[in-house]
Amino acid sequence: MTDTAMAATALGKRFGRRWGLPRSGEAGTGGGWALRDCTFRLPAGRVCAVVGPNGAGKSTLLALAAGLLAPSEGRVTVLGTDPASARARVGYVAQDKPLYPQLTVAETLLVGADLNPARWNAEAAERIVSAGDLNPKARIRTLSGGQRTRVALALALAKQPELLLLDEPMADLDPLARHELMGTLMSQAAQHGTTIVMSSHVVAELEDSCDHLLLVGGGRVRLAGEIDDLLAAHARVSALSEAADLEPHTVVESRVTGRQLTALLRPAGRLPDDWRPTRPSLEELVLAYLRNPQAAPLTPATSEESAV
Amino acid sequence: MVEYRIDRHSGVATYVQIVQQTKQALRLGLLRPGDKLPTAREVVEATAINPNTVLKAYRELERDGLVEARRGLGTFVRRGLSTAPADSPLRAELDGWAVRARKAGLDHDDVAALFIAVLDTHFADHDQHSQGDPS
Numbered sequence: 002m003t004d005t006a007m008a009a010t011a012l013g014k015r016f017g018r019r020w021g022l023p024r025s026g027e028a029g030t031g032g033g034w035a036l037r038d039c040t041f042r043l044p045a046g047r048v049c050a051v052v053g054p055n056g057a058g059k060s061t062l063l064a065l066a067a068g069l070l071a072p073s074e075g076r077v078t079v080l081g082t083d084p085a086s087a088r089a090r091v092g093y094v095a096q097d098k099p100l101y102p103q104l105t106v107a108e109t110l111l112v113g114a115d116l117n118p119a120r121w122n123a124e125a126a127e128r129i130v131s132a133g134d135l136n137p138k139a140r141i142r143t144l145s146g147g148q149r150t151r152v153a154l155a156l157a158l159a160k161q162p163e164l165l166l167l168d169e170p171m172a173d174l175d176p177l178a179r180h181e182l183m184g185t186l187m188s189q190a191a192q193h194g195t196t197i198v199m200s201s202h203v204v205a206e207l208e209d210s211c212d213h214l215l216l217v218g219g220g221r222v223r224l225a226g227e228i229d230d231l232l233a234a235h236a237r238v239s240a241l242s243e244a245a246d247l248e249p250h251t252v253v254e255s256r257v258t259g260r261q262l263t264a265l266l267r268p269a270g271r272l273p274d275d276w277r278p279t280r281p282s283l284e285e286l287v288l289a290y291l292r293n294p295q296a297a298p299l300t301p302a303t304s305e306e307s308a309v
Numbered sequence: 034m035v036e037y038r039i040d041r042h043s044g045v046a047t048y049v050q051i052v053q054q055t056k057q058a059l060r061l062g063l064l065r066p067g068d069k070l071p072t073a074r075e076v077v078e079a080t081a082i083n084p085n086t087v088l089k090a091y092r093e094l095e096r097d098g099l100v101e102a103r104r105g106l107g108t109f110v111r112r113g114l115s116t117a118p119a120d121s122p123l124r125a126e127l128d129g130w131a132v133r134a135r136k137a138g139l140d141h142d143d144v145a146a147l148f149i150a151v152l153d154t155h156f157a158d159h160d161q162h163s164q165g166d167p168s
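From first to last, the protein sequence lines stand for chains A and B. Mapping to the numbering used here: the first sequence position 6 is 7, numbers consecutive. Mapping to the numbering used here: the second sequence position 87 is 120, numbers consecutive.
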């Protein structure tokens, strides 16, 4: 066991002109860097949101961690080893939920059991599938997107992974199924201490379920850390524009409306009371960083190598 | 047993909502000493919130001496929250006051505002669970 579920050091991935990205349309620039200079450490047992706009490099990051892509530079370790060696202990659900269309639901689960003989929890798989009222005899190709997501999550969870990598897991689901499956994921985390990493471009969807954040934008990590710590490190302020001196603080975003100056910043020292500092919401924080690509990133700059 | 309802748009931190709802259940007698709180797993399965949020709330309740964690068994209520029972003289006085307020022409919101204003003068030191401390 290791207390680090996932760590990246100067990780980068560049796609050649001939090769598409794991998701078509992401970072449409041929031959560019999909991810660059990505350094972070995710402690075990966390539920981590990978957030960023379309084309930010979220899918690339997850595919690198799953070992489906090889890094162009730097390295990524999962569960204390390289992605290929950790594969038996990692569950990965790609965004397009790849399944065999000609198999039935029941056959798909049998394949899952067959491929993971040491770890398979058939009861868990059955429970997730039956909660969705799926006919076991239905062929995968006849299922809706949301039903396919359910089967894919059943496969990933029944494997009882130590690390679960989910690329946009909730995108196809109706609100009811979303809530139920998120509850199932959280229950997995509570019971087994499973580390869960899930990507989304909808921050609000993840706010209550995640305790760790990785904000990716323009192929780089903009924010990384515990959500509570990140929120506590920032303040929203509102002050008289002529009187306010933002200089010592790290300004993420600021705006002047009439005489009023509003800003989101990382305070360096105590803020004046009359600036009325308040704690931003996660969504405010994420949007402020995404609107301002030049804002200095906040990631723990500790040596990741020593931790693994 | 209690069931937590999480309101994502209330502006109140999720763990604080769990703390407040537990205290409310203690005040109302829905939870009594010896009762077991739902496990973190049960709460997150129903609410889809992060398990650490539940544990954080339970730790705070434990710090307040309201509950205790028993290893391998769960979290149990240690003591109830003292409150005026439904038939107490205090309640009767408040009841009479509310009747007079209504006769005087105050509506629900007026009464609530008045009550909170008076509450704040007399319990000014009460630690408010606001947004948390932006230190």
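Everything labelled a hint here was simulated from the structure, so no lab data went into it. Given the structure is predicted, the values throughout are model-derived calculations rather than measurements. Each residue gets a CB set at the ideal place from its N, CA and C atoms; glycine is no exception. Heads up, a few of these hints could be off.
[Claimed, not checked] What follows is a set of in silico ranges between Cβ atoms, one per label pair, in the way DEER data are often shown:
| no. | chain 1 | residue 1 | chain 2 | residue 2 | range |
| --- | --- | --- | --- | --- | --- |
| 1 | A | Leu247 | B | Ala134 | 16 to 26 angstroms |
| 2 | B | Gln53 | A | Leu69 | 25 to 35 angstroms |
| 3 | B | Arg92 | A | Leu247 | 35 to 45 angstroms |
| 4 | A | Leu69 | B | Arg41 | 42 to 52 angstroms |
[Unchecked claim] Selected chain A positions facing chain B (in silico; Cβ < 8 angstroms):
| no. | residue |
| --- | --- |
| 5 | Thr10 |
| 6 | Ala45 |
| 7 | Val48 |
| 8 | Ser188 |
| 9 | Gln192 |
| 10 | Asp209 |
Hint check:
1. A:Leu247 - B:Ala134: 16 to 26 angstroms: violated (48 angstroms)
2. B:Gln53 - A:Leu69: 25 to 35 angstroms: Given about 45 angstroms between the Cβ atoms, the range is violated.
3. B:Arg92 - A:Leu247: 35 to 45 angstroms: At roughly 37 angstroms between Cβ atoms, Leu247 of chain A and Arg92 of chain B fall inside 35 to 45 angstroms, so the hint holds.
4. A:Leu69 - B:Arg41: 42 to 52 angstroms: violated (34 angstroms)
5. Thr10: violated (26 angstroms)
6. Ala45: Since chain B brings no Cβ nearer than about 13 angstroms to Ala45 of chain A, farther than 8 angstroms, the hint is violated.
7. Val48: holds (5 angstroms)
8. Ser188: Given a least distance of 4 angstroms, the restraint on Ser188 of chain A holds.
9. Gln192: holds (5 angstroms)
10. Asp209: Interface hint status for Asp209 of chain A: holds (5 angstroms vs cutoff 8 angstroms).
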